[in-house]
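Novice: Go ahead and model the full structure; you've got the sequences and the hints to work with.
Going line by line, the protein sequences match chains A and B.
In the numbering used here, each residue's number is its place in the first sequence (first place is 1) plus 6.
In the numbering used here, each residue's number is its place in the second sequence (first place is 1) plus 6.
If you're looking for bench data, these hints aren't it; they were derived computationally from the structure.
Values in this document were obtained by computation on a predicted structure and should not be read as measured data.
No false leads were slipped in.
Remember, identical chains collapse to one label, so a pair may be satisfied in a single copy or spanning two.
Straight-line Cα separation of at most 30 Å, DSSO-like style, residue types lysine-lysine; simulated pairs: (1) K436 to K387; (2) K175 to K83; (3) K29 to K286; (4) K484 to K436.
There are 2 protein chains.
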Amino acid sequence: MPASSSSETQQPLYKQVADTLAKLIADGVLRAGERTPSLRAVCDQHGVSMSTAVQAFVELESRGLVEPRHKSGFFVKAPAKGRLDLPGPPRVPMSGSLGNRHASLFDAVVAGNVVAFGGAVPGADMLPTVKLNRLLAEKARHAGTRGVMYDLPPGSEMLRRQISKRMMKAGAVVAPAEIITTCGATEALMLCLRAVTKPGDVVAVETPTYFGILHVLEALALRALEIPADAQHGMRLDVLERVLKTQRVDACIAVPSFSNPLGASMPDEARQRLVALLRKREIPLIEDDVFGELPFGTKRARACKSFDESGLVLFCSSFSKTLAPGYRVGWIVPGRYYHAVRMAKLTHTLATATLPELAVAGFLAEGGYDHWLRSVRAAYKENVARAGRAILEGFPAGTTVSVPQGGFLLWVTMPPKVDAIELYDRALAKGISIAPGHLFSLEQRYTNCIRISCGERWSPRIEDAVRTLGALAKQQMK
Amino acid sequence: MPASSSSETQQPLYKQVADTLAKLIADGVLRAGERTPSLRAVCDQHGVSMSTAVQAFVELESRGLVEPRHKSGFFVKAPAKGRLDLPGPPRVPMSGSLGNRHASLFDAVVAGNVVAFGGAVPGADMLPTVKLNRLLAEKARHAGTRGVMYDLPPGSEMLRRQISKRMMKAGAVVAPAEIITTCGATEALMLCLRAVTKPGDVVAVETPTYFGILHVLEALALRALEIPADAQHGMRLDVLERVLKTQRVDACIAVPSFSNPLGASMPDEARQRLVALLRKREIPLIEDDVFGELPFGTKRARACKSFDESGLVLFCSSFSKTLAPGYRVGWIVPGRYYHAVRMAKLTHTLATATLPELAVAGFLAEGGYDHWLRSVRAAYKENVARAGRAILEGFPAGTTVSVPQGGFLLWVTMPPKVDAIELYDRALAKGISIAPGHLFSLEQRYTNCIRISCGERWSPRIEDAVRTLGALAKQQMK
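Specialist: Structure follows, in structure tokens:
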């Protein structure tokens, strides 16, 4: 039997509220297209807190029963064709509310009518769409059989050769034969963790950290050990060193270049020290470099991998922040874990889609990548600077904003009185998505913080949305 | 620390042999391009059995140290550029020898100069390559931004609508909103198991069963409970029923249409009974239908999903056997586990590659799929019949061959004296790959069986290879 039976008897409060509302919908009391009771009304009727009510709506949304509409709250969704009862309530809660919020956040990111500050996704106009799609079309026309057949791990040699060249710019001499391609960095992270850990293991991560990392850890039954990060320099190595002396740590994940959400950048010496620290205890380091190609300055930092003499560093990255998220092309340099990672890849997805790999390889081979990167880096720098200024102007007094040196994320710390989940909800009702701080830790640490993604090119619409966010946050100060 | 330290002290015999040979290579005693000692010589020098020696070479091959060459045994590979020591020996053995053999099998499948009876992969000329690649090119040219952006789960609606239509032919009324797309059926299986099980759970599978299934179970720390399968009708429901009365079973995986490797086809009534049996105990059924579209007759069997009234059936399939393995497009109808599967998908790969999804959707929408399927089904029927006859003619007396009603796999049972691993090795040396029976069970059940994939169109080259296999098997009878 699945692990459902026990959890059903001890429903958390927000689920009870969601179930009651779901029943009203199932019974036809609330009909498709109708506005649901407001959050405030739900609080009053059920005697629950605002954040419980929000969680209940997030749950209903992820069950496909309600949808947020621009500036008007939640509405009952039309049922899926042919069936009234689907998608049904989950019988096996996979990862509790963290998971649900994660899913709902992505929903907000893709919803067409939303100003998407929520997901760390590049704006469509920041991607070389035309050239890439042209290349993919070309590859598809000329690849013949090769295009439809498996490109089994380690994946396209053409692409691995190009990646090998790129990695030299990060100071890492890596042969094509040391690289394995993946379906984006998400799969890369998953495969690395599978290769170096087993359920119950302890994995050191930065805090705050990308919720996707926390989610993968949860899915693999790993325990996250949150090491404080400095907004400028990333993971606090003094703390890590102390922790290593007293606690068991089985693996470490770091995002040394423009971390998510802080945008911190670890200095080269710190990277070297991190590698040495872990090396001493033979602890594998998973280096997530998805933002590595997006420094605001002219210099690309050295990868931790470049300091790795023992094969303990597993370097992960993708082209999802710089070229095409939808192509799903990432890679791993797994060091001494090559074999285990390759096996995990076979078990997980068997292969990476062939033609997108070839299109990316073609793009890199044509030689315009650096030129392209220069222009988007300048645009992101501009976006981030403008958004930072607008936030300092429009948000409640006492708000602070990170000053990243690359990437396109801002970490906003508001006065403690502001609750980020409430802000998330109110913003969504106005057609703006943000990532509430709650998501970036397993503990209730960042309840007054939000992450703002500046992936889209600066525009009056964006500026307006930042101003609206500020006004909403100010309302919470009263 | 990774789970390596303890296992290194208790190396299995074949690893010890592999390590010794690896050291000879590292020390330059055996140099790149040189022939390795023969299997026989390794047996003699190390006092090990032939199958241990074979396993040692499989291990060396998957470490990237040696490669088989057509008709001449194993040779030391040239080291990867820039480094001499990579890919290094795995420090974290992920899944023991099952995993290594699995990997090496796939290597054999893709090696250009090999007659590939080993992998269940369709022949290149059995796929609508030109049309598909043309469609992908078209989508890439016209999709614009949509082509490069995420298509987050549940995945392309256009594709889900087409899948919904196809599923009606299997008797299953499934709305597009009930479908989640995946990176092929491998990911589908993984996500379903994640959604319905937890480590330590017991999963009933057919025996013999596809080694990929055993491998995923092993990766998720699940225990396989092997239920005998009938070569004609698939999983023995009388046995399953008895087992359910006395043993804990947490989930069940069945391949009711043209199972892998037996090619068995479960009658409609048996499918209904299977669903009912599991329903009584609320046990989820994962239905793997990858060969479902390839019956030799005119009728497509009803999916178990079509009998599912409680949402306990998770239906998995892909287009890898019929359209394009390299596009990596599959899907799940997760029933009541919709939410958990969607969350797992977000955690595993975030999204399926957008443009391949759209190309497949376009192919289905254009309406030529059934026409195409008719022609390949006829070809597979012919391949399988001819291979079956050739095997009965050329293999040792007492050999039996399955008589599948669809798909393109044959299960060959040779006299007990023939060892399939030895045959695998000897065949590979002659440029022919097969899947040894050992792979299809966690127990030492099918040591005298092999699976022959008839995905490639029948040709004198194939006929020759079958004859060679038969002769090699006969040698073992002496």
